[in-house]
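> Each chain is listed here by its residues.
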Amino acid sequence: MAGEPKIRLDHVSKIYQGAEGPAVAELTLDIDPGEILVLVGPSGCGKSTTLRLINRMIEPTSGRIYLDGDDVTDVNPDQLRRRIGYVIQQIGLFPHQTIAENVATVPKMLRWDRKRISTRVDELLELVGLDPRVYRDRYPKELSGGQAQRVGVARALGADPSIMLMDEPFGAIDPITRESLQNEFLRLQEELRKTIVFVTHDIDEAIKMGDRIAILGEQSVVHQADTPERILAYPVDDFVRSFIGAGTAMKGLAFERVGDLDLAPFDEGRNGDGKPVGTITADATLFEALEEMLRTADGKTVVVDESGRPAGVVELSHLSDALRTAQDEARRHYDELGAAS
Amino acid sequence: MDGLHSWWEYVVGHGDDVLEATLEHAQITVVVVILATVFSVALGVCVQSRPTSKAIALAIASIFLTIPALALFALFIPLVGPGDNPAMMALFLYAILPILRNTVTGLDEVSPAVVESARGMGMSSAQRLWRVRLPLAWPLIMTGVRISTLLTVGIAAIAILVGGGGLGTFIQGGLTRLGLPNSVESVWVGTVFTVLLGLALDVVLSLVQRLTSSRGLRA
Numbered sequence: 001m002a003g004e005p006k007i008r009l010d011h012v013s014k015i016y017q018g019a020e021g022p023a024v025a026e027l028t029l030d031i032d033p034g035e036i037l038v039l040v041g042p043s044g045c046g047k048s049t050t051l052r053l054i055n056r057m058i059e060p061t062s063g064r065i066y067l068d069g070d071d072v073t074d075v076n077p078d079q080l081r082r083r084i085g086y087v088i089q090q091i092g093l094f095p096h097q098t099i100a101e102n103v104a105t106v107p108k109m110l111r112w113d114r115k116r117i118s119t120r121v122d123e124l125l126e127l128v129g130l131d132p133r134v135y136r137d138r139y140p141k142e143l144s145g146g147q148a149q150r151v152g153v154a155r156a157l158g159a160d161p162s163i164m165l166m167d168e169p170f171g172a173i174d175p176i177t178r179e180s181l182q183n184e185f186l187r188l189q190e191e192l193r194k195t196i197v198f199v200t201h202d203i204d205e206a207i208k209m210g211d212r213i214a215i216l217g218e219q220s221v222v223h224q225a226d227t228p229e230r231i232l233a234y235p236v237d238d239f240v241r242s243f244i245g246a247g248t249a250m251k252g253l254a255f256e257r258v259g260d261l262d263l264a265p266f267d268e269g270r271n272g273d274g275k276p277v278g279t280i281t282a283d284a285t286l287f288e289a290l291e292e293m294l295r296t297a298d299g300k301t302v303v304v305d306e307s308g309r310p311a312g313v314v315e316l317s318h319l320s321d322a323l324r325t326a327q328d329e330a331r332r333h334y335d336e337l338g339a340a341s
Numbered sequence: 001m002d003g004l005h006s007w008w009e010y011v012v013g014h015g016d017d018v019l020e021a022t023l024e025h026a027q028i029t030v031v032v033v034i035l036a037t038v039f040s041v042a043l044g045v046c047v048q049s050r051p052t053s054k055a056i057a058l059a060i061a062s063i064f065l066t067i068p069a070l071a072l073f074a075l076f077i078p079l080v081g082p083g084d085n086p087a088m089m090a091l092f093l094y095a096i097l098p099i100l101r102n103t104v105t106g107l108d109e110v111s112p113a114v115v116e117s118a119r120g121m122g123m124s125s126a127q128r129l130w131r132v133r134l135p136l137a138w139p140l141i142m143t144g145v146r147i148s149t150l151l152t153v154g155i156a157a158i159a160i161l162v163g164g165g166g167l168g169t170f171i172q173g174g175l176t177r178l179g180l181p182n183s184v185e186s187v188w189v190g191t192v193f194t195v196l197l198g199l200a201l202d203v204v205l206s207l208v209q210r211l212t213s214s215r216g217l218r219a
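Order-wise, the sequence lines are chains Y and D. Take 1 as the starting number for the first sequence in UniProt numbering and just add one per residue. Take 1 as the starting number for the second sequence in UniProt numbering and just add one per residue.
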């Protein structure tokens with residue numbers, strides 16, 4: 001946790017007039033440069049409100065907001081928003097403008113010259129996997145939902161902001177397209193290293209997308225903010241446990257790879273008993289190894305190298321060891337945190 | 001056939017007068033519609049997000065339309081004297097409702113997500129209005145302008161009764177001389193050219209509407 005956080009929310013509250021309690025109560029949260037922080041929680045917990053406090057689409061009632069250490073709680077909100085990418089579930093492309101004009105929105109407001117804007121638009125469309133020659137001059141109504149959200153992401157990246165706020169960006173997109181958009185976005189992020197705050201109500205999406213996850217309860221109270229591995233291995237309270245749902249420890253197996261294990265040796269005789277033997281490669285996750293064991297109704301599965309030769313065996317005990325280790329590590333982490341505070 | 005023939009003779013015989021009256025009629029209409037458009041769109045933008053003001057503005061504009069034309073025209077004579085002026089003022093009031101209503105509806109129909117994303121990218125409220133909300137409402141606003149234009153062309157024919165000009169002169173002139181030669185022809189000249197003028201202006205405006213609306217908004 002070295003260095004300054006990219007975004008810091010410092011005791012931020014939002015109280016709506018006439019509402020019973022605050023929508024967001026005294027929220028303090030640091031977001032590190034280059035990480036994807038996922039805000040996840042049940043509907044109505046204030047996660048979208050929290051996101052919109054960062055670019056001051058909603059003005060905080062109290063508390064301070066810092067970007068790169070600068071207090072932005074009172075700066076001109078329009079200027080602030082031009083520095084922050086914003087993607088919403090309903091996308092909100094401008095239907096009267098072409099795709100190129102949509103993507104050029106922020107650069108145009110920042111008065112970039114035409115040539116620079118045009119180059120930037122092409123670059124961004126290629127980045128999100130849309131051929132500029134085909135899509136530049138189309139209108140939003142001519143796009144599918146998935147394509148429209150690609151444009152939405154390209155538009156948010158317009159003037160190369162270092163921060164992106166994404167409010168359930170893939171929530172309205174069909175499951176198959178969503179999966180590929182998530183994967184592409186993660187690949188993009190490898191390159192771009194933006195600081196991203198991502199809101200979802202879907203814990204599986206949170207686990208997939210997040211470098212860290214903040215699990216929010218009523219009034220945006222942070223129950224647990226940590227890496228997906230640790231949250232899955234060690235939910236700190238009943239709220240987190242019930243929110244992440246059943247089989248969470250097993251989901252944690254998806255974060256470890258077979259290649260990192262100390263494999264049992266492959267033994268021709270023991271494995272040649274005629275039963276179907278599952279095989280996986282070293283870059284498979286432990287979760288995939290488990291699936292393979294279940295599929296073959298066998299307590300082990302053979303790991304093969306690139307040429308298909310057996311390199312070792314994963315056994316059920318490997319998996320239970322991995323689960324226990326992850327839990328112990330997480331518990332130790334929280335014990336240390338508890339001791340420190 | 002005889003009637004049509006004598007009507008045509010009348011038109012040819014009074015060609016200059018007919019042309020002049022048509023142009024004056026067109027001028028009254030165009031000026032009124034332009035002023036009403038500027039006023040109603042501005043008013044629509046102001047009241048659209050305020051439910052009470054919106055209801056009041058629309059109610060008043062509706063009441064204007066229910067006032068009998070002749071009475072409304074005459075109401076303005078004490079203020080500005082007879083002639084085209086009282087007629088244009090009355091016509092202005094009539095022309096408000098269609099444009100105002102369509103402006104409000106057009107702005108209402110702009111998707112909240114579009115406005116939200118515009119705001120999220122740092123567009124000021126003026127930029128959101130000029131670059132997003134008005135362009136999106138524009139096709140509907142233009143439909144309102146076309147309705148107001150047809151309305152104004154029709155009602156402007158009675159401007160003559162408050163001392164104004166336009167094609168109403170032929171209708172009024174014919175009616176007062178009814179039974180005398182050429183009286184019926186005169187009424188028909190006024191009527192037919194009013195209708196033709198309305199159609200012509202509507203064709204022009206539909207072209208303007210097409211050229212000024214984004215291709216992305218066409219169904």
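Hints were generated in silico from the structure; no laboratory data involved. Warning: the hint list may mix true and false statements.
As the list claims (entries may be wrong) - DSBU-like, lysine-lysine: derived pairs with alpha carbons at most 35 Å apart:
# : chain 1 : residue 1 : chain 2 : residue 2
1 : D       : Lys54     : Y       : Lys194
2 : Y       : Lys194    : Y       : Lys141
3 : Y       : Lys194    : Y       : Lys208
4 : Y       : Lys115    : Y       : Lys194
5 : D       : Lys54     : Y       : Lys108
6 : Y       : Lys208    : Y       : Lys141
> Does each hint hold? Answer for all of them.
Here is how each hint holds up against the structure:
| no. | hint | in the structure |
| --- | --- | --- |
| 1 | Lys54(D) <-> Lys194(Y) | violated, 44 Å |
| 2 | Lys194(Y) <-> Lys141(Y) | holds, 29 Å |
| 3 | Lys194(Y) <-> Lys208(Y) | holds, 17 Å |
| 4 | Lys115(Y) <-> Lys194(Y) | holds, 25 Å |
| 5 | Lys54(D) <-> Lys108(Y) | holds, 34 Å |
| 6 | Lys208(Y) <-> Lys141(Y) | holds, 30 Å |
Checked against the numbered hints above, the structure violates only hint 1.
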